[in-house]
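Listed in order, the protein sequences are those of chains E and Z.
Just so you know, the first sequence maps onto residues 1 to 190 in the working numbering.
Just so you know, the second sequence maps onto residues 1001 to 1075 in the working numbering.
What the hints contain is simulated information worked out from the structure, not anything from laboratory work.
Treat the hints with care, since some could be wrong.
Coverage of chain Z stretches by chain E, computed from C-beta distances (three or more under 8 angstroms per stretch; other residues unrestricted) [said to hold, decoys possible]:
1. 1031–1037
2. 1040–1047
3. 1050–1063
No residue lacks a Cβ here, since even glycine has one placed at the ideal position from N, Cα and C.
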Amino acid sequence: MQSPSVTDAVAPSAPVSSRPKLDSPELARIYAEHSHQIYYLALRLLGDATQAEDATHDVFLKAFRKLDQFRGDANARTWLYRITINHCQNLLQTWHHRHVFSNADEAVWETRATPTDSPLRVLETKELGERIQKTLDALTEEYRLLLLLVADEKLSYAEIGALTNQSADAVRGKLHRARKAFATHFEKFA
Amino acid sequence: MNDDVKRLQQQQRQDSQLDQQTGQSKALEFDSAEEVLRHDAASHQPPDRVVERLNESIAKEPKPPTSWWRKLLGS
């Protein structure tokens, strides 16, 4: 089956005219272009839709505060990813996140599918999403992050290396093992 | 025997064409972990209320200080 590209993934979930707009034009542009990938990365790193929503808000608010530093930087995507990774890692390290019971399972699986989906499609998405989250959770933190980043076709191995503090060659080598680990666990959770 | 093979191939071609025309597949199949994740990402959009929350938060942010030369020029 032909999987949708990341470009397909940014298809708006509501008519553009009815969607809320950000008051800051520059942030609005950055948000429109990158919010989907930022939200998805946070969702799969945190495993919780509500926390992913909060993280997306926090990441873009930080971005707004640092817009002056960003101007002139050609790659907003990697800049936002860096903020997101740090933010999510901080959240994951907190006592609260580690000890408080979360209804993550239900929350993640119940994130809305796009409105045009048929009931069958929603069911399919829910089951697949559950399996993907379990698979990602079974991986090491590094493998999980590498796979989520490489799934974004706009990122090069060099950029992924910069985001994860290693060389592009190291990324390439680890990705090979990460893919194998993902495939093994994905089959296991079938 | 040859007729059977031809019939089977013909049937497979028809099934494949039908799948392509309807845009449906009997089962989801992926070649790599990245494909799985891209497919998954496509069905998860950030809620619209994030934008509303961001607007509220930005409205509460302190205004940037006016630079000394703007004060001097009174602009």
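Results for each hint:
no.: 1; hint: 1031–1037; in the structure: holds (count 6)
no.: 2; hint: 1040–1047; in the structure: holds (count 8)
no.: 3; hint: 1050–1063; in the structure: holds (count 10)
Violated hints for the displayed structure: none, as all numbered hints are satisfied.
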